[in-house]
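Trainee: Sequence:
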Amino acid sequence: MTSQLVQSVDWLTIAPPVLTAAVALAVLVADLFVPPERKRILGWTATGGLAAALALLVPLRAGDRSTFCLTPDTRVTACSYTADHFTLVIQLLVLGGALLTALLSLDETREKLPAGEYWFLLLSSAAGAALLPASRDLATLVVALEVASLPAFALVGLKRGDRMSGEAALKFFLSSVTATAVTLLGASFVYAATGTLHLTEIAQRLDDVPGQLQTLAEAGVALTLVGFAFKTAAVPFHFWVPDTYVGAPLPVAAYLSVVGKAVGFTGLILVTVVAFPSYADVWGPALAVLAALTMTAGNVAALRQLSTRAWSAVRLLAWSSVAQAGYLLVPVAAAAYSGNDQVGATVAYALMYAVVNLGAFAVVALVARVRPRNRIEDYRGLYATHPAAALALAFFLLNLAGLPPGIIGLFAKVTVFSAAVDAGLGWLAVVMALNVVIALSYYLRWTALLFRTPEEAPEGVREGSVAPRHRTPHRPSVPVTLAIVLTAAAGAVLSGYPQFALRFAANSLF
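The opening position of the sequence shown corresponds to residue 857 in our numbering, with each subsequent residue numbered one higher.
Since the hints were made in silico from the structure, they are not lab data. Please read all numbers here as calculations on a predicted model, not as lab measurements. Errors might be hidden in some of the hints.
[As the list claims (entries may be wrong)] Listed next, the in silico DSSO-like pairs over lysine-lysine satisfying Cα-Cα at most 27 Å (straight line): (1) K968 / K1015; (2) K968 / K1027; (3) K895 / K1027; (4) K1015 / K1027; (5) K968 / K895.
[Stated by the list, open to error] Distance windows between CB atoms, simulated: (6) S1044 / P891: 46 to 52 Å; (7) V1138 / P892: 51 to 57 Å; (8) P1092 / V1349: 33 to 39 Å.
C-beta atoms are modelled at their ideal positions from N, C-alpha and C, and glycine is treated no differently.
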């Protein structure tokens, strides 16, 4: 009995999230002593900490380590933290996404946002996001989910005195708290029915739940899945996304679109594929329907965005993010019919989406320096003033659309489509194909606008009206330029060698 109370701890295994959390605390304390004119050093410290956390994934690349186990032999006992290939791929995605967000944030914290609070909150959220894919029990999973989510509420509302920012933070907070409450209730029901919190043990015991607890177990599974559907912004739990992205600082919107989405989908994969495989006949069809509704709602709403509406560029990316969530749900639903191998398609798609969506937000952040209202119309003729940025944004949008030269985007969509077909979900494959065609319309419309001749406004037209006066080129900052270059380079490499992403994702399976 005593041996079960002493858990093993492998510090190297937990090093990436621990280092991220330690740097967050260091930045918060340092903020008390660093003079205002030198606050920029906090941003570079945070960026360096995230880069170091990424480097710590290299010693773990074998994917064979676990810790917080009830007995020293990890092969015969359930562990709360597992650094397998799935964990490492998702940690690479979330820490890499946080690093690129940090680059986009350096100028924002110097001019608009409180530096100390911002970097502490960003790093704290990133630490929770890095912890979540390694979580192998419901308690750790929920704690990691909240550590990733709670700082994000404050990040969204960090633009002090901005009504839209406060409204966005409130909507995000209310939806996430509801999701957390539902998830906790579902987890408590599952624990009451099975007597364990470890995901692998839950999977075993759900097959043999006593008759009087069967209803409780079914309710627990359903509520847990509903809670994670909130986190993934699946329909009908998507209503907070556009207003939250518009009200949040642009780097935070980029962070939520990639890292926040990765957190939700990682948790959903863990509870469905690892903990609830015996209920695949329930969650499989449910997720398939959610995938169809989510991609359709997101694409139709994105298609309706007016190019002259304020912040329409960010709103389009927000609705595009909802549609992409629908695509990401397809392989998870397919896993219920044809095995865990289909999860690799979600991981491959998530890698592609993270790179190109962060790149698109980086270009949007660049344009926002000159056109703060960030309408799609403001991108007319971007090639004339910023040819490199226009070419990069066109590349990112074509990737999201699944068109050449964005080969990785095309391969990712084909992989997801194949997962649906292999699982016998022909109707879902048809819905996805129709949605890809709908998405082509708004992605290509925005791309074409980049290369049109800029329109000169008549004298007296003010910035923020329908036709703002053409401005001279704005010199982009080094961090934003670096973020665009890194994402464009990653997208180009993956497009030139798309098998790398697919093989990488295939090796990430449990």
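Trainee: Okay, which hints does this one fail, numbers in order?
Mentor: Checked against the structure, the only hint that fails is number 3, while the rest are satisfied.
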